[in-house]
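Chemist: Sequence:
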Amino acid sequence: MFIKTIGILGGMGPVASADTYVALTNICQQKYQAVQDSDFPKIILYSCPIQEFDHEGFTEDALQRKVILDKLIAALQTLEKAGAQLVVIDCNTVHYFFDELQKSINIPIVNLIRLTVDYVQAMKYKKVAVLCSQTSRDLNLYAAPLKASGLEVLQTSDAEQEIINEAILAVMGGTVNTHHIAHINELIENYAHAGAECVILGCTEISNIARKLTHQAVLVDSEALAIEKAVLLAKD
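First residue of the sequence shown: 0, per numbering that gives the first Met the number 0; consecutive thereafter.
Derived by calculation from the structure, the hints in this document are not laboratory data. Here the structure is a predicted model, which is why all the values come from computation and not from measurement. Do not rely on the hints blindly, as some may be mistaken.
No farther apart than 25 Å at their CA atoms in a straight line, the calculated lysine-lysine pairs in the PhoX-like style are these [said to hold, decoys possible]:
1. Lys41 <-> Lys228
2. Lys65 <-> Lys3
3. Lys102 <-> Lys123
4. Lys30 <-> Lys228
5. Lys102 <-> Lys125
6. Lys65 <-> Lys41
7. Lys234 <-> Lys3
8. Lys41 <-> Lys102
9. Lys30 <-> Lys3
10. Lys234 <-> Lys80
11. Lys228 <-> Lys80
12. Lys211 <-> Lys3
13. Lys234 <-> Lys102
14. Lys126 <-> Lys146
15. Lys41 <-> Lys211
16. Lys65 <-> Lys80
Throw the hints in and build the complete structure from the sequences for me.
Modeler: Now the structure itself:
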């Protein structure tokens with residue numbers, strides 16, 4: 000059924016990476032009726048923890064960014080050598096380096112950011128909000144391509160970003176509780192009341208917490224879109 004080996008570059012953080020593996024196998028079951036072992040694609044999961052990268056992302060320090068980039072390239076090349084024929088990077092923030100990363104290997108990387116922006120455009124949404132890491136927000140990782148596509152993006156305040164940062168850290172440490180769930184719920188509801196037609200989950204840890212929410216807003220899960228794309232590519 001599947002002819003290509005999927006590589007998952009994770010470790011940023013490990014909990015979200017484990018979720019990606021489970022979500023990938025779930026999609027194979029639900030969309031492609033996978034049951035037996037041979038019904039699933041080959042999957043190589045490389046969890047590569049990066050010391051210079053935390054729950055907020057990374058700083059503006061050029062040397063630090065160079066170290067992160069070098070480690071990501073080495074990890075991707077390891078996946079390629081191990082037999083991966085396409086890659087999902089299980090972290091939104093490091094897509095900041097996407098062009099350099101794609102040039103470093105000869106197999107395709109699913110561009111999680113581009114995929115999400117294209118989906119939002121295809122759905123003809125006009126006004127959106129984004130829940131993402133501190134660095135993704137500061138770099139306008141989602142805001143820039145969304146605005147370039149003609150969409151209005153609701154700006155996350157510093158106080159709101161702190162709530163998101165706290166929730167990301169809780170997922171990473173396994174300490175998510177009703178406090179975090181209630182606060183993320185409230186943020187999403189506030190964005191919906193402010194006119195957001197959808198809320199983009201632009202962080203894999205936020206994707207993890209999203210299934211515990213009770214809001215009525217439309218969510219666009221960047222991680223889910225990337226996984227579905229990877230599974231589809233593995234069939235070609």
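Chemist: Against each hint, give a clear statement of whether it holds in the structure.
Modeler: The hints, checked one at a time:
1. Lys41 <-> Lys228: Roughly 15 Å separates the two Cα atoms, so the pair holds.
2. Lys65 <-> Lys3: 31 Å, violated
3. Lys102 <-> Lys123: 32 Å, violated
4. Lys30 <-> Lys228: Cα-Cα ~12 Å, so holds.
5. Lys102 <-> Lys125: 33 Å, violated
6. Lys65 <-> Lys41: Judged against 25 Å, a Cα distance of about 31 Å means the pair is violated.
7. Lys234 <-> Lys3: Holds: lysine 234 and lysine 3 sit about 7 Å apart, inside 25 Å.
8. Lys41 <-> Lys102: Holds - the C-alpha atoms of lysine 102 and lysine 41 are around 24 Å apart, at most 25 Å.
9. Lys30 <-> Lys3: 17 Å, holds
10. Lys234 <-> Lys80: 21 Å, holds
11. Lys228 <-> Lys80: This hinted pair holds, its Cα atoms lying about 22 Å apart.
12. Lys211 <-> Lys3: 33 Å, violated
13. Lys234 <-> Lys102: Given pair lysine 234, lysine 102 holds - Cα atoms ~24 Å apart, limit 25 Å.
14. Lys126 <-> Lys146: Within the cut-off at roughly 10 Å; holds.
15. Lys41 <-> Lys211: Violated: lysine 41 and lysine 211 sit about 30 Å apart, past 25 Å.
16. Lys65 <-> Lys80: Answer holds: lysine 65 to lysine 80 is near 22 Å, not above 25 Å.
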